[in-house]
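There are 4 protein chains.
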Amino acid sequence: MSGVWGENIKLSIFGESHGRGIGIIISGLPAGLELDLDFLKKELSRRKPGSSMLSTARNEEDEFIILSGYFNGKTNGSPLSFLIENKDQKSGDYEELKETPRPGHADYPAWVKYSGFNDYRGGGHFSGRLTAPLVLAGAIAQQILAQRQIVIGSHILGIGEIREEKFDPVRINQATIKGLKASKFPVLDEAKGLLMQEKILQVKEEKDSLGGILETAVLGLPVGVGSPFFDSVESKLAHLLFAIPAVKGVEFGSGFELTKMRGSQANDQFSMQNGQVTTTTNHSGGIQGGLTNGMPLIFRTAFKPTPSIGLAQRTVHLVKKEEVEIKIKGRHDPCIVPRAVPVVEGVAALALLDLIIEKEGTGWIG
Amino acid sequence: MSGVWGENIKLSIFGESHGRGIGIIISGLPAGLELDLDFLKKELSRRKPGSSMLSTARNEEDEFIILSGYFNGKTNGSPLSFLIENKDQKSGDYEELKETPRPGHADYPAWVKYSGFNDYRGGGHFSGRLTAPLVLAGAIAQQILAQRQIVIGSHILGIGEIREEKFDPVRINQATIKGLKASKFPVLDEAKGLLMQEKILQVKEEKDSLGGILETAVLGLPVGVGSPFFDSVESKLAHLLFAIPAVKGVEFGSGFELTKMRGSQANDQFSMQNGQVTTTTNHSGGIQGGLTNGMPLIFRTAFKPTPSIGLAQRTVHLVKKEEVEIKIKGRHDPCIVPRAVPVVEGVAALALLDLIIEKEGTGWIG
Amino acid sequence: MSGVWGENIKLSIFGESHGRGIGIIISGLPAGLELDLDFLKKELSRRKPGSSMLSTARNEEDEFIILSGYFNGKTNGSPLSFLIENKDQKSGDYEELKETPRPGHADYPAWVKYSGFNDYRGGGHFSGRLTAPLVLAGAIAQQILAQRQIVIGSHILGIGEIREEKFDPVRINQATIKGLKASKFPVLDEAKGLLMQEKILQVKEEKDSLGGILETAVLGLPVGVGSPFFDSVESKLAHLLFAIPAVKGVEFGSGFELTKMRGSQANDQFSMQNGQVTTTTNHSGGIQGGLTNGMPLIFRTAFKPTPSIGLAQRTVHLVKKEEVEIKIKGRHDPCIVPRAVPVVEGVAALALLDLIIEKEGTGWIG
Amino acid sequence: MSGVWGENIKLSIFGESHGRGIGIIISGLPAGLELDLDFLKKELSRRKPGSSMLSTARNEEDEFIILSGYFNGKTNGSPLSFLIENKDQKSGDYEELKETPRPGHADYPAWVKYSGFNDYRGGGHFSGRLTAPLVLAGAIAQQILAQRQIVIGSHILGIGEIREEKFDPVRINQATIKGLKASKFPVLDEAKGLLMQEKILQVKEEKDSLGGILETAVLGLPVGVGSPFFDSVESKLAHLLFAIPAVKGVEFGSGFELTKMRGSQANDQFSMQNGQVTTTTNHSGGIQGGLTNGMPLIFRTAFKPTPSIGLAQRTVHLVKKEEVEIKIKGRHDPCIVPRAVPVVEGVAALALLDLIIEKEGTGWIG
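So the sequence lines, in the order shown, correspond to chains S, X, C and R. Heads up: the first sequence begins at 1 in the numbering used here, then just goes up one per residue. Heads up: the second sequence begins at 367 in the numbering used here, then just goes up one per residue. Heads up: the third sequence begins at 733 in the numbering used here, then just goes up one per residue. Heads up: the fourth sequence begins at 1099 in the numbering used here, then just goes up one per residue.
Keep in mind that the hints were calculated from the coordinates and are not lab data. Virtual Cβ for every residue (Gly too), placed ideally from N, Cα, C.
Computed list of chain S residues with no C-beta within reach of chain C, every gap over 12 Å:
#1 Lys166
#2 Glu190
#3 Leu194
#4 Leu201
#5 Gln273
Straight line, CA to CA, 25 Å or less: simulated DSS-like cross-link-like pairs of lysine-lysine:
#6 Lys725/X to Lys806/C
#7 Lys1305/R to Lys1196/R
#8 Lys320/S to Lys806/C
#9 Lys440/X to Lys1196/R
#10 Lys1172/R to Lys453/X
#11 Lys74/S to Lys830/C
Using the sequences and the accompanying hints, generate a full structural model.
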């Protein structure tokens, strides 16, 4: 049911792709926080169709209105609300898909769950467009974490079958993060990045789509964020990461690779560096027993290919109970991975901020 | 902080490995449910050290006491509480590890988070032993789901570098699940299973440990369980799966493999089979847009190797701020993956039951 | 912190009296519910300043926009969002009160809590205006409960020192409720009602204000709604009733009068009426052990006098730390009790619906 | 359903009057808190049948076992669990009442709600005995609040028709609170207290029972605790107060008396006292707009007479559908008001602590 998330910072998400608008209510922010609106807009622009070549031709302006919680340029302590009005929607594109669910989309289970009353236009509430409000909330969380020198950055580890190197999970530093955040197509290896972009364009020509992997690092976290079991850092992060449409896998540290290691390899042994406890490896991705251990927090998020493709596909007519073929018209992203960067970083910031506030309250936020 | 989970079925977990006992409170169960105590014991015995060879020599009896919520052989509608008293603990084994955190364990971040006041004996509240109460709660959830022919089964997809075949995500059936649930070491390919067990014994001799992967299928789910965003089936399941100690990765359907596919391959196209909507492939693992689509729900859970190993390891003395070497004594599992099967199945049942009750209430549970 | 309430139906309230607008997000409603927009408007109009004589001269139009969750005249299963844009606000009236808190208002503690960053104009987020979105959510809950013949009605038991008779807690019936809901100034005794209205006009002339008591009855509830302890019907209702600005007391059944009775008087003894279990008295107000018992649910809500009065009052200048005198200008209600009727009935409906859904899910809502 | 309460401090209550035991799990306490076990026992003893004359003859020993969360005399950061085992229960007393519900008790609605599967012995989970674990949790909350000089005390304002004076809501001080907490029958006027006790004994002789009112003050609260609407101090307190069996009314400050005042009387006007903002009256009970304002927090809790009385009462046989007469045997309190003091103070402490932690986290608790 629930469009509500969070223990200390609470989010309420709403809206449909082709309705009046989409938005989010954020409860739990302290008063007096000067929102960095430029950063909010920048993060939102990272989610927007970046170039006509790499992504959808839709003109999603994503200009947001602050409905409440903001007074004289600062949060006022009451729920902070954002509305992004919908414009430039062509609902006609979808009308004919009403009873012929698009493969890979929520159309069919939503039609069953909501007895056909769901807003099927552009996926309705299931649309990837709903990640825009998440980016706004996430940008605020990032802004707050930055007050404590906690930064979050990602690179595109893979698109289709192309892979670049992973982060060095021990030595990854703030400069690298900074560089990635400034990039339109964040990769560690620019040559690999160009290959990826070429591949996206090629697949677009073929009316097909690609998935990919984002690898994300969080630096500067204190030791001891998170709790055992239900509030483990992994649980909290994975919950929000899997809330992002198209995400089908999440792993921390060496993740699935850990299953092939022995304990003597996988265990991150400790050492003292300048009076600080560190580990010489970071297979655990900075999390032990569900708690941060002061090493870089590392995770990877797997995105399936965009389900909307121009090629003919087999589906069924839900009312006539017949097999039919459809071709999805309209403008769609051949690969949403680059646009997902600020979404992943944003929800990671929200999950971590929620856990930090649990212990420390909101008094430190200024 | 929180040892509390759930919206409709609420769990409160408590206890430490070497304290008085461990347990769980389950709120939200309807009255009049006749608990299948044999099934509860059976699931608990699957989590227990199976054989002296493959796992820890500790005699964890795990006999549970029902403290409340149970009257004349049935639930009575009030919170159902289980207590497993701790016996056969050798706390002395741990005393010397107090200030020298074991690599790969929660020891170090817990020491920081709790300012040294945590119960460090055997990992305290972080101990894998706490999964026993989860198994009890999960077994009840499985019993309830079975009333609707919803069954959950797993096989050991991999141990160390050994892998067997994955489930056929379209044709996996109840008979296979039944067979797996009856097995002490559930695999699809018995030969591969023997190799895995040999490997575990070999690594045990070497005082080292192994990780592995469980693949789990849920059959019989109705279409439309789950909700978009924060209550997606993936979010809900991943939250609990990552609450299990040693889990570092979770993927649904084709998971990380999806990142290498094109949309035209990854999209599960629809067909009509005997008047039922089905998909011809099941890369999505039975979940689209966060909702079940009626196909088998498939997911994989990655376990890191048991961090407790007999080999020497580098750590630090937290007070003296010196690097030291430790050897962990005591009795430990060379591989916890086989014992994790009822834990994974149990938490999956809890997550899915919680979502089903959201829509349908508890009136159907008998 | 939290602007979020509810377990099964979740509300997120937002907005400030003089900001862009106010609103509410409602999660958890099933799809396919045809909203009775006329009823929503009617309830909202009951909350509006009813006549220029009895209440504030402000022109609060309270026209609502549905931002999401509504498609082709029905709920679509995703969060239902209402926005009421603010118009006709005269913020200038409040500017001079910024640092001189109005007695009886939230001004002073809000100034401290939010470090002066709160929106002080018209009480900001604390404004009684925020009850308009509650009325909308409550009207939907009432519409749903009416599908099961559960009706909620109130009368103005007292204004200032004037009191009329209480409900007959055993014989109160649907016809009485219907009559009260159709009345602009709902009382059981019209003569007393006129006296009350005269008194309000008189006190208005004197630039002063009055409080009062609402008595509310809920008919048609099944037996067994609610749960012991934290989800008792009293806990759930009182939580929301005390969320209404100006409410300072809540009692159920004979309430505070029960403290003077003996058990032999206070106990509602049982009898059989046409094969139904009933009680011959109803001192418990239809709630025993936190659960509904099938008798009319009766409660009373005490409202303090409107704190905004035209008379001179003593306050302090928060920055200068001096005592000063203020006169509140602007247009204010001499008595908000009549306008509170749809708010009280609405939140009661929300609390009860949330409890009913807990047991029965949302499948019955059509 | 729910036996779970709280946002930051979470409680899970369990147990039945005549089952194995009762208890509570408390999540969210920081590590390193040295529990004042003497204070816990003292509070528990205040809830116990104080003297053979004034209350039940049952020997409720209420010795508690700490199951988890406690290590070397301090909290260890994991859930803190208390178990009170049941002894000296005479279940036979209740067997004959199984299908003849006791007037004023939860028996009848519980029988319906739980389809007859509820534990009817001694009220089962509905028993007032379940307040013992609440007292334990509440005593810990009081101990924590006392670190900040926040103290909570109550007097018995009335028993039956006898009333003593209310607190002076402006001048009530810590010395008065201290005196009340040391008293077995806390009143401001000892003569009135003797009258009340005589009345209880007299009514006991008559096999009847009495109700009463507690008035409670909380001193030392900072300004700005609580939040508008759903987390108002009144909402939060009332929610827990109405969770206590037998409570039927709650009012804050001048409460229901406020409904007879004018705004000019009811508004607490401000003055400066030694550079501090205070109010010259305290009709609001220290709460404005749902937030504490620094004045003493004052509330009153109305208890109905103990429903268990020795006199003959009319009830129905639920299966035979006949009217019958019952006499309740066993040992029961003629008046539970004196024993309710530590319960009311405890839940008030829990509600306030939960709100304070929301803003400030748990770092200050030592």
